[in-house]
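Number of protein chains: 2
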Amino acid sequence: MSVPVVRPIGAARERLLSAALNLFVYHGVSGTSLQMIADDLGVTKAAVYHQYQTKSDLVLAVMTPALEQMVRLAENAEAQPSVAGRREAALCGLVDLVVENRRMTAVLYADPVVTRLIREHPPMLELSERIKRLITGPDHAVETLVGVAVVGGGLMMVGLDPELADLDDDALRRHLLGTARRTLRIRAPSRRRGHAAVASPR
Amino acid sequence: MSVPVVRPIGAARERLLSAALNLFVYHGVSGTSLQMIADDLGVTKAAVYHQYQTKSDLVLAVMTPALEQMVRLAENAEAQPSVAGRREAALCGLVDLVVENRRMTAVLYADPVVTRLIREHPPMLELSERIKRLITGPDHAVETLVGVAVVGGGLMMVGLDPELADLDDDALRRHLLGTARRTLRIRAPSRRRGHAAVASPR
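So the sequence lines, in the order shown, correspond to chains F and E.
Each residue of the first sequence is one higher than the one before, counting from 1 in the working numbering.
Each residue of the second sequence is one higher than the one before, counting from 1 in the working numbering.
No lab work stands behind these hints, which were simulated from the structure alone.
Among these hints, one or two may not hold up.
Because identical chains share one entry, a pair is satisfied inside a single copy or across any pair of copies.
Pairs of lysine to aspartate or glutamate, DMTMM-like flavour, derived with a Cα cap of 20 Å [to be verified]:
| id | residue 1 | residue 2 |
| --- | --- | --- |
| 1 | 55 | 126 |
| 2 | 55 | 14 |
| 3 | 132 | 166 |
| 4 | 45 | 100 |
| 5 | 132 | 163 |
| 6 | 132 | 161 |
| 7 | 55 | 143 |
| 8 | 45 | 68 |
| 9 | 45 | 143 |
| 10 | 45 | 168 |
| 11 | 132 | 57 |
| 12 | 55 | 96 |
| 13 | 55 | 129 |
| 14 | 45 | 126 |
| 15 | 45 | 129 |
| 16 | 55 | 120 |
| 17 | 132 | 75 |
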């Protein structure tokens, strides 16, 4: 246990995590075994097990890039000086997350195993509530809460829609932002203010 | 195989299907065994197995009321004389479905096992595409398709939002309809036309 584990890096690691995600989308996390991942990659189960001893380790490894992006999103939004700027930056950040991780966001949001994992890990639960609060803003009218629930759920699931699979990233981003702003009654920022408000630290 | 199976009826059947749904929401369909359902009900696995021999049988039994409601929804919408009336009736029907089956719709929509089951059963896939077409209407601009994807996904997932769990059915229905109409740029029908357009055959 005290021996440092050498994680597969680069292409091999990417291949393993990508195979795992594909199987998660199709079979769910519960329905995906390390054996299935090994078969998909044409390696032994021991080779997969050597890298990730438990399903939870593997799920976390698959989710880590998106979770890190969520942390940056929240920090960037919270650094904006106005309520409108914070909402705008959080919404743009969430749309970027969805566009850059089209299929992963649906697993992250809707797979019951991941939902439970998030519920049982206070820092992960807090991160997702923090982003939701930023997008909601100070108005807690029921109408606003329902709008945020529909937009949040809808954005996270959109990557699974086969009709949008061929849409390029820029078009998807633009239309998702327009849809979300209309639903939440958020006015698009003027071009100059907009660029300032959503400037990313990356 | 030719011996007619006596299905549990009434309260016992409701209890079994309700226990199964609760476990599906928490563990996913893949992560729920007949043994877990038996344990939850305090009966033997054989007692559950006597009623549903496979997981698919059980999933279908859980989903059947919602699927039947979807068929009625599509038939009712298709019977409306105008494009606007068909969109309105389909949207109202979908909102009713979501409100009346708050947690089930998320399982129906997002559980990977159910998604695969639907994909592999042409009549179920056709039913869900039929409802989507009714809500989309004749305009297939990318903006419209993105709006429908966000609203569809968002409506189906809304039952899992803990912040809306205490909202009564009428308020949830009213706010979901308002949110969906705003997102899809559908004008609310005038009171008289509205009642005619969404009249349900039930």
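Each hint, compared with the structure:
| no. | hint | result |
| --- | --- | --- |
| 1 | 55 with 126 | neither (23 Å within a copy, 35 Å between copies) |
| 2 | 55 with 14 | within (17 Å within a copy, 33 Å between copies) |
| 3 | 132 with 166 | between (28 Å within a copy, 18 Å between copies) |
| 4 | 45 with 100 | neither (30 Å within a copy, 44 Å between copies) |
| 5 | 132 with 163 | between (27 Å within a copy, 11 Å between copies) |
| 6 | 132 with 161 | between (23 Å within a copy, 11 Å between copies) |
| 7 | 55 with 143 | neither (39 Å within a copy, 39 Å between copies) |
| 8 | 45 with 68 | neither (28 Å within a copy, 43 Å between copies) |
| 9 | 45 with 143 | neither (50 Å within a copy, 45 Å between copies) |
| 10 | 45 with 168 | neither (36 Å within a copy, 50 Å between copies) |
| 11 | 132 with 57 | neither (26 Å within a copy, 37 Å between copies) |
| 12 | 55 with 96 | neither (28 Å within a copy, 38 Å between copies) |
| 13 | 55 with 129 | neither (25 Å within a copy, 34 Å between copies) |
| 14 | 45 with 126 | neither (35 Å within a copy, 38 Å between copies) |
| 15 | 45 with 129 | neither (37 Å within a copy, 39 Å between copies) |
| 16 | 55 with 120 | within (15 Å within a copy, 27 Å between copies) |
| 17 | 132 with 75 | within (13 Å within a copy, 37 Å between copies) |
The earlier numbered hints that this structure contradicts are 1, 4, 7, 8, 9, 10, 11, 12, 13, 14, 15.
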